[in-house]
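Chemist: The lines below spell out each chain.
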Amino acid sequence: MAKVTEKDLDMVALLSRLEIPETDKARSLEQLDAFLQYVDNLSAIPTDDVEPLAHVLPIHNVFREDVVRPSLDRDLALSNAPLQEDGYFKVPKILED
Amino acid sequence: MKYEAVIGLEIHSELKTNTKIFCGCATTFGAEQNTHVCPVCLGLPGVLPVVNRRVVEFAIKAGLALNCTINKFSKFDRKNYYYPDLPKNFQTSQYDLPIAEHGYVDIETEEGKKRIRITRIHMEEDAGKLVHSGATIKDSAASNVDYNRTGVPLIEIVSEPDMRTPQEARAYMEKIKSILEYIDVSNCRMEEGNLRADLNVSLRPAGTDGLGTKAEMKNINSFKAVEDALTYEIERQEEVLEDGGHVVQETRTWDPARGITLSMRTKETAQDYRYMPEPDLVPIITTDEEIRAYKEGLPELPDARQARLEKDFGLSSYDAGIITSSRDMAEYFDAVVAEGADAKLAANWMMGDLSKNLNQEGKSIGESPVDAKRLGAMIRLIEKGTISSKIGKEVFKAMWESKDDPEKIIKDKGLVQITDTKEIEAIVDSVIAANPKPVADYKSGNKKAIGALVGQIMKQTRGKANPQLVNQLLEKKLAE
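Chain order of the listed sequences is A and B. The numbering used here puts the first sequence at residues 10 to 106. The numbering used here puts the second sequence at residues 2 to 481.
To be clear, the hints were calculated from the coordinates, so they are not data collected in a lab. Note that this is a predicted model, so its numbers are computed, not measured. We treat Cβ as the ideally placed atom computed from N, Cα and C, and that holds for glycine. One thing to keep in mind: the hints can contain errors.
[What the hints assert, rightly or not] Below, a sample of chain A positions facing chain B; criterion: calculated Cβ distance under 10 Å:
#	residue
1	P30
2	K34
3	I68
4	D95
[To be verified] Calculated pairs, EDC-like style, for lysine to aspartate or glutamate (alpha carbon to alpha carbon, straight line, at most 20 Å):
#	chain 1	residue 1	chain 2	residue 2
5	B	K477	B	D430
6	A	K99	B	D86
7	A	K99	B	E33
Please model the entire structure based on the sequences and the hints provided.
Modeler: Set out below in structure tokens:
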């Protein structure tokens, strides 16, 4: 029953920061549609009386005490950054003009 | 057409914990950039966040103090968005099962008490701080990020759109701040960003029920800015509607220097946070017994304290409201009264000379050079008649500038009130003799003329004569 439109595909691609070439769009649409139809099989199961699952493990209340632990050395913290400046992580332009 | 504003606030308050919400990094304000970071708050792959127990405690306390229902089953969710202030590309927050819901606070308005409903309170992590290279974010070719604040625990308090004026919005935020201070879960230092609000405002024709298109202003961190930004934005939307236009749903920034709001267009064309349960954090279950214990552990809150001051000490609602608006002020008042001072006099001195001096020097009551002990002692000296209220002002000023006790100041400056009838009588006689005109006026029926004589006597005694005694003696002598 799922019928994904090209608009949906563009939206999902944008939200996922994916660039889908024009030439791949038809194939991507087809795949996405097939995938959603497959997942749609789950709709056949009645879930009206089932609480939404919050976590896959049957555990709760895992806490730590409010005690300070050493942070990373700054040079180490920045060592993976593609760009850095004066102890900051440097990032490209954020907002459009 | 006449419009009415519909205002709702999302207040973010940083909690005063030692460590961040999901890791052991310190939360201290003002540290060097990127020195309070670790693999967890930097969002490095493979790390496992663990909830700080105190964050949950503080959030539950805030929920109870704001009259909310505590959700006995609560969980965290991921809120996905792309913005470099969070290194994970999502913020760990709460979506459908927040820690607290359905609360309210009462605020004072010109038309009396008004109830503002609280939709929900949820726990989340704060984001990092961006430092832009240009004058504004828009003309910056690049920005620098400091992740020290990333992961500092926040509660977000979401109100219903129950406010109608900028003044109500301000009163609501002041009330929230006051309550959070009372229960001691946040430092509420607005200049440090401990407490900030996102303002949502839309207009609708007065008297109608629908909701217009809203604009949002983010991260407003002073009461004045709340009022100013809303006032401006309401006027702006009014003009748009009056000109036959439509308000665009958008985020706007408040520029306090220019006193205007400006549109912010982000690269993100559609907001879609794609909330999903956070798989790395397990649910939080709170029992009825725990909730009861938290409730019993809450201190007296501002409304109750105000009612107590009105009832026990006969303070006016206005005075009691101001004194209890901050916990420090209320505690100062209690300490002055504990010194044995009369409560109404204590209130008068706090609302008068003390507030005036604090305001002049931009000090908080916690920084007052005159502590509650010395003010209490001075008020008792006034009650005992050792000094008059007028001399009290002089003593207060001296206390402000030195650490001396009021007794010592009074002794050193020779300010003890003259209550010796003989001594005053001599002065009264000399003043009567030296001022025949007012004496004659008084005797011929102009009773007001006595004022000039009293003035002369007070001047000669440098204000130290007991005023009642002076009046009595004067009237007696003039009647002779």
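Chemist: So, for every hint listed, does it hold in this structure?
Modeler: Structure-based check of all given hints:
1. P30: Interface hint status for P30 of chain A: violated (20 Å vs cutoff 10 Å).
2. K34: violated, 19 Å
3. I68: Interface hint status for I68 of chain A: holds (5 Å vs cutoff 10 Å).
4. D95: holds, 7 Å
5. B:K477 with B:D430: holds, 11 Å
6. A:K99 with B:D86: Roughly 11 Å between the alpha carbons, so the hint for K99 of chain A and D86 of chain B holds.
7. A:K99 with B:E33: Holds, at roughly 16 Å.
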